[in-house]
Amino acid sequence: YNFTYPFSSSISTANGSALVKIGNTTVICGIKGELTCPPSDAPNKGYIVPNVDLPPLCSSRFRPGPPSEQAQVASQFIADVIDSSNVIQKEDLCIEKGKLSWVLYCDIICLDYDGNLLDTCVVALLAALKNARLPEVTINKETDLAEVNTDKLHHLNVSKHPVSSSFSIFDNTIVIVDPTVEEETLSTAMMTVVTDEDDRLCMLHKPGGSALSGEKLQDCISRAVTRHREVSKLIEKVMDSFEPDK
Amino acid sequence: MPVDTKRVRGPEESQSPLLFLPSIAKKSVAAERGRQDGRRRGQADVRPVFARCGLVSQAKGSAYIEAGNTKLICSVFGPREAERKDEAGASSGRLLCDLRFAPFSCPNRGAWIPSSEDKDTAQGLLEALRPGVRLHRYPRAQIEVNVLVLENDGSALAHAITCASMALADAGIEMYDVVLGCSLRLDGNSFLLDPTLQEETAGEPGAQGSVTVALLPSLNQVSGLQADGDMREDTLAEAVRACMEGCHKLYPVIQRALLRAVHKRASPSES
Amino acid sequence: MAAVQVCEAEKVYIMHGVRDDLRVDGRGCEDYRHMEIETDVVSNTDGSARVKLGYTDVLVGIKAEIGKPKPAAPDEGYLEFFVDCSANATPEFEGRGGEELGSELSCTLYKVFNNVNSLELRALCIAPREHCWVLYVDVLLLQCDGNLFDAISIAIKAALFNTRIPKVTITEGEEGGAELELSDDPYDCVRLNVENVPCIVTLCKIGHRHVVDATLQEKACSVAGLLVSVTHKGTITCVRKVGGGSLEPESIFEMTETGKRVGKALHAPLMKLLRDEEAQGKQRQKVGFLG
Amino acid sequence: MRETPLSNCERQFLLKAIEEKKRLDGRQTYDYRNIKITFGTDYGCCVVDVGKTRVLAQVSCELVAPKDNRPTEGIMFINLELSPMASPAFESGRQSELHVTLNRLLERCLRNSKCLDTESLCVVSGEKVWKIRIDVHVLNHDGNIMDAASIAAITALCHFRRPDVGIQGEEVTIYTPEERDLIPLSIYHMPVSVSFSFFQQGTFLLVDPCEREERVMDGLLVIAMNKHREICSIQSSGGIMLLKEQVLRCNKIASVKVCEITELINKALENDRKVKKEGGKFGFAESMAKERITALKSEIAPVEMIDIEEKAEDIICRTGAPCDTVPSPVVRAPGTGQVGEGLQNAWGLDEVEEEEEEEDDIEQGGPEKQPESETITSKKGDVVVISDSEEEEVVILHQGVEVKDFREEMSSGQKQATSASKKKKKKRKLAH
Amino acid sequence: MRDGPNTHVGSMMDVAVSPVLALRKFGCEQSLLSRPDGSSSFVQGDTSVLAGVYGPAEVKISKEIYDRATLEVMIQPKVGLSGVRERAQEHCVRQTCEAALLSTLHPRSSLSLILQIIHDDGSLLSCCLNAACMALMDAGLPMSCLFCGVTCAIEQDGHIVTDPTSQQEKESRALMTFAIDSAERRVMMSSTRGSFSVNELQQCVALSQRASEEIFQFYRDSVRRRYSKTL
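Chains as they are written, first to last, in this note's numbering: chain A, 265 to 510; chain B, 20 to 290; chain C, 743 to 1033; chain D, 62 to 493; chain E, 186 to 416.
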């Protein structure tokens, strides 16, 4: 592994934010909560809207304009991770059934692209969610309008801690953990395993590429489990060191 | 209605919780003599600035600047082969500027698609930078400047100018001089130099205005000037002078940051 | 922007001329070209004007529509600007070519009108938080021969002068909601106070002097210019540096000074002209687009 | 990708054939190609083949707010998609001229002819109406897309059933098909378009041109008509001048063709209804030609699961449990607002390097405790740079990065070594 | 010109039916469209996908890769425009095809694969993969191996279901789709939803490998049948 440096930075305009650096890859995640009507098919749920942006700023391979295919795939990956792992119970985001709920916009921007984007994004998302605080909202019974109390801030209830580990595979023989951008382009396949704290898998994402046997898969999974322990310990420590300050 | 099919979509409408704040009388900034962060009005008081070069490993040059809560990151790519080949680009290079605000950079969430105002800010950035760069040294090439505002707490354009010129210098692009930006808010009869977002938006209605100046400090040339609001000619002149003074205060800091970056580049080869 | 190629010798000629306060077309440094203004040229708008400045030709139409006020200013109406650079003006605008210039022009117009004094926005409010008038200002470039900003700003002022917004009365609807009723009488309308609407003066630095109302040739000789928008009282609502060069601080001060002086002098005859034209009323011979 | 251009001799051959009243596929001048309509398993979905041209139509619906000026009318939305599958010349995401023309023609044929009773789609006046959306995908382009699309669209509309709604006070509930039967749309008439192509300045006329013929034609006349011989839309394009008699003749032909096609559609609908009622097999799976040599079907294939579990267990056991002991991350005292720490390497790398890392850590630990980012404060106008802490810090942070870069170079060799060792490990496992 | 719609009645595979662990009836038709260089429609139960392949052909300069062919995959949903979810599926299918195709044999050229969803009744991604493989075969593109897609769902009670319908998908706790290669039956692609244990994963992998045998046998049969006349 390269080094992991999660800096939980404080962007005061966002409800929660985190800057994470793995090796040279740097990613910032900002969370902003807004109020909306809950979806009609699930009136007791809120929304989580993750989007990954790869601006031309982070590497010369990205062009300005609408998000590239890679950014879209990364966005969908993060959305799937949120769905599969239940990192936040969407029911927790509901304020009043059928009337009002939170929508969390999780905007993830890559500042420096040097491979292993997905892992960095997942760590950034998790750290930002853990550090996000939303104001209290009550519905005024008389006027039927929402009232926001910015003095009372609540943490989100982060129920699961998914951590992802990416591997670069070279022809079913060599497996490299935490690949850099060079290693990613040279590899014949990529694989990302997302695990949670109960050692269950949330995601086994291998978008094609050279084939891998079941044994090899198992090997990667057990590495991912170990990796999960390291990373979650790290996030916890960072969060702990934060709390006394506030 | 066109929908953005290239991003994960949320609900069709959502409102910022800030709109639902119980309507407590907003704290009036103007009533106080001083400023909220302890700086004084009318004085060339710039917020503490933290600047650093060379953060983005993939870019030719990059810079990060933090002034108060305003945080910006900038990276520079190029010179590389120009994409548009028209006659105008034959003799001198093209400078391309892209300035974006992160969706979470403002109190109200912004959209991903840049508004025309963002484009205008980028245009202002381009006009301020262009006089400082020796573009004729890069015929048929283009230099790309990308600025991302991570958090906007006022004076975003001014700091974007400073940050971008640092990144250009870090990338080793030939320049006449660094370009420094400074902005000012005219509130009533007093100046607020390097205003915060609150100072930019709040204030008494009436005599108001804002001025942003870009300066080439060692040549003493103004490379960019934008002002709006309602002001007299002499107040404008005074405001421009105040901004220039602010730029000069910034100058040694930027110089130091650049020097440090050069030292850093030189040292690994020695060791 | 539509640019012309000017050779070195011509540049020197123009620069020397400017130094001696004599320009290619015989004007002095602070003189405008011949200007023609006609209002009420497009019948299906609420206000319109056409301005010809030399060969520059712009048409402005204003449409008033009822909209919702912006949450930040619930008791004010607002203006929307759109500048259309059609391929009519120059073939360079074909396709998407004119888009950039158009958005730059409209952004500047937003800035120019971004202050409380230039237009009484409160008068455009119908019901706070609910309804207000939105003025859609559409600018069409018919021909470009330099100094677009000035021509557009004058045309907008004339069109705003010409704008008539129908009166609106609010009645209680049967279900408790307010209903809006537009007055049918074309003479029962609101006029806007355009006294304070600023005009833009663009100054181009050529050599050591600066000129107003530069033609395309003159523009090609200057490295930088300053755009100053001035009200009739002489206050400045917007300043922008344009062009790729830089300016000395002293010359900026000089240029704003000139801008203010020229701008202030521009307002009085303009208002007089507009009033005269209106006074002629129906008898006025419409020139229209054939003239 | 670009379309393969048509060669001159091909063009001449085609024109010559038309002059001799012959067509490539052996049809007569006024003949249509074979029209085949098949339905999907769900309502409002059909595939129409006109010769080799194939079009898929799907109707869907949702509740939306009506348009302000038409508060009691439902909305009909038509979207024709030229899928890149149909022809290499079609690009996805870009609106070509052909695309716009066809969309507009289809809209005029269906929406402007008011074939659908939009008022019956109103649920709550001014608040909720049904929006009927017709998606037409062109799957294979062999000429005369317009006719195929119009047949597909109207057939899908006739086939479609929308769910029933109930209104209780302000609540609008949509019933599932199990609760209440689905309701068909009320269709006033069935407009079908017929295309005529003209050659040699209008001297020769062909019905239902195929792709080759479309490429050599001079002009096109599209007439949309229903079986009551009411013209719904008519458009000529291609810049030919037609005589009045020619248009009238086309009209006559069209009325005959439309009747035939309507008959066919009704028959197909009837057939589908019957099959559905009898509980027989239907859907695309059934409509697939069994007799073709290119097609094959298989019955339900069982998958044995006997030793799956053992196999899975086996794999897991062989790889062994992940190591439980995790090196604890080194956490330094947090600074004023930012925390940064390095994590030690977990496995594989040499001890020497780990030592080196620790050295970094120590170096880094020091300054980071100090407050960050104070550069200038101005006192009475002059600049004082409190740069000691910052300078040091910047230096260190940079060193962090550089050391890493440096290490990367250094350790690239090691990395290979580690991966090689991994490889060995795996081989050993396999050898078990 | 490829062989036309000759008539030939083949024998149906008739095997004992087990209600839980089975692939639904599946069928395939190749070269059914006239324009594309290769086309196929693959039907699994009620799920149906149509695939068309163009290429190798001229490539746009901006997309040119100097040592191999550029593969583009487009998935067209039945209703509306394709969004981010389709983009992620396209990405999976593209990388799987790229691994199987010997694209170095056609440098500086373009291959495009278009998948049109005809009907979605569960196991959509695996049906897309199967249709893609058949279309690539039909187009006669050189491949190092074949691949097939298998979807497994884990129900709430822990039972594994192969080739689930959309109803089963909705009720399931976790859903996995694998692409299996024909050479060594290894996992080429994997895409999952929901959380599951390692053991469950390995069971599903093993199951998919078993199920892939059936599909490859089907591939073989259909190709044999198709070329039976020309032999």
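What the hints contain is simulated information worked out from the structure, not anything from laboratory work. All values derive from a computational prediction rather than experimental measurement. Among the hints, a few may not be true.
As a list, the in silico DMTMM-like pairs of lysine to aspartate or glutamate whose alpha-carbon atoms are at most 25 Å apart [said to hold, decoys possible]: (1) E:Lys210 <-> D:Glu339; (2) E:Lys245 <-> A:Asp347; (3) A:Lys363 <-> D:Glu168; (4) C:Lys805 <-> C:Glu842; (5) A:Lys363 <-> A:Asp415; (6) C:Lys909 <-> C:Glu923; (7) E:Lys248 <-> A:Glu461; (8) D:Lys113 <-> D:Glu71; (9) A:Lys405 <-> C:Glu872; (10) A:Lys354 <-> E:Glu369; (11) E:Lys263 <-> D:Glu168; (12) D:Lys338 <-> E:Glu356; (13) C:Lys1014 <-> C:Glu996; (14) B:Lys138 <-> C:Glu872; (15) C:Lys812 <-> C:Glu834; (16) E:Lys355 <-> D:Asp225; (17) E:Lys414 <-> E:Asp305; (18) E:Lys355 <-> A:Asp347.
Simulated restraints, written as ranges between beta carbons of each label pair [stated by the list, open to error]: (19) E:Arg293 <-> D:Gln296: 38 to 44 Å; (20) B:Pro67 <-> A:Gln353: 40 to 46 Å; (21) D:Gln296 <-> A:Glu411: 57 to 63 Å; (22) C:His950 <-> B:Glu264: 23 to 29 Å.
For the chain E half of the interface with chain D, some residues (derived, Cβ under 8 Å), not all of them [unchecked claim]: (23) Ser247; (24) Ile250; (25) Lys263.
Think of the CB as a built atom: it goes at the ideal place given N, C-alpha and C, for glycine as much as any other residue.
Each hint tested on the structure:
Only pairs whose Cα atoms come within 25 Å are accepted, and lysine 210 of chain E paired with glutamate 339 of chain D is accepted, the gap being roughly 21 Å. This hinted pair does not check out: lysine 245 of chain E and aspartate 347 of chain A have alpha carbons roughly 38 Å apart, beyond 25 Å. Simply put, lysine 363 of chain A and glutamate 168 of chain D have alpha-carbon atoms about 38 Å apart, too far for the 25 Å limit, and the pair is violated. The suggested pairing of lysine 805 of chain C with glutamate 842 of chain C holds, with an alpha-carbon distance near 24 Å, which does not exceed 25 Å.
Of the pairs offered as hints, the one joining lysine 363 of chain A and aspartate 415 of chain A holds, with about 23 Å between alpha carbons and a cut-off of 25 Å not exceeded. Only pairs whose Cα atoms come within 25 Å are accepted, and lysine 909 of chain C paired with glutamate 923 of chain C is accepted, the gap being roughly 8 Å. Among the hinted pairs, lysine 248 of chain E with glutamate 461 of chain A is inconsistent with the structure: their alpha-carbon atoms are about 42 Å apart, more than 25 Å. Simply put, lysine 113 of chain D and glutamate 71 of chain D have alpha-carbon atoms about 20 Å apart, close enough for the 25 Å limit, and the pair holds.
A C-alpha spacing of about 23 Å is found between lysine 405 of chain A and glutamate 872 of chain C, which places the hinted pair at or below 25 Å, so the restraint holds. Taken as a hint, the lysine 354 of chain A and glutamate 369 of chain E pair is broken in the structure, with Cα atoms around 42 Å apart against an allowance of 25 Å. Between lysine 263 of chain E and glutamate 168 of chain D the CA atoms are separated by roughly 19 Å; this keeps the pair inside 25 Å, and the hint holds. Using a Cα cut-off of 25 Å, the hinted pair lysine 338 of chain D and glutamate 356 of chain E is violated, with the two alpha carbons roughly 29 Å apart.
For the proposed pair lysine 1014 of chain C and glutamate 996 of chain C, the alpha carbon gap of about 29 Å is over 25 Å, so the pair is violated. Note on lysine 138 of chain B and glutamate 872 of chain C: the hinted pairing is violated, with a Cα-Cα distance of about 30 Å set against a maximum of 25 Å. Taking the CA atoms of lysine 812 of chain C and glutamate 834 of chain C, the gap is near 36 Å; set against the 25 Å cutoff, the hint is violated. At roughly 23 Å between alpha-carbon atoms, lysine 355 of chain E and aspartate 225 of chain D fall within 25 Å of each other, so this suggested pair holds.
For the hint pairing lysine 414 of chain E with aspartate 305 of chain E, the CA-to-CA distance comes to about 34 Å; that exceeds 25 Å, so the pair is violated. A threshold of 25 Å between alpha carbons decides the hint, and for lysine 355 of chain E with aspartate 347 of chain A the separation of about 14 Å falls inside it, so the pair holds. For the hinted restraint 38 to 44 Å between arginine 293 of chain E and glutamine 296 of chain D, the CB-CB distance of approximately 43 Å keeps it satisfied. In this structure the hint that proline 67 of chain B and glutamine 353 of chain A lie 40 to 46 Å apart at CB holds, the actual value being about 42 Å.
Distance hint check: the CB atoms of glutamine 296 of chain D and glutamate 411 of chain A are about 58 Å apart, consistent with the given range 57 to 63 Å. Against the hinted window of 23 to 29 Å, the Cβ-Cβ separation of histidine 950 of chain C and glutamate 264 of chain B comes to about 26 Å, which satisfies the hint. Taken as an interface hint, serine 247 of chain E does not check out: its beta carbon lies about 13 Å from the nearest beta carbon of chain D, beyond 8 Å. Interface restraint check for isoleucine 250 of chain E: the shortest CB-CB distance to chain D comes to about 16 Å, outside 8 Å, so the restraint is violated.
Interface hint at lysine 263 of chain E: satisfied, since its Cβ lies 5 Å from the closest Cβ of chain D, which is below the 8 Å cut-off.
When the structure is compared with the earlier hints, violations turn up for hints 2, 3, 7, 10, 12, 13, 14, 15, 17, 23, 24 and for no others.
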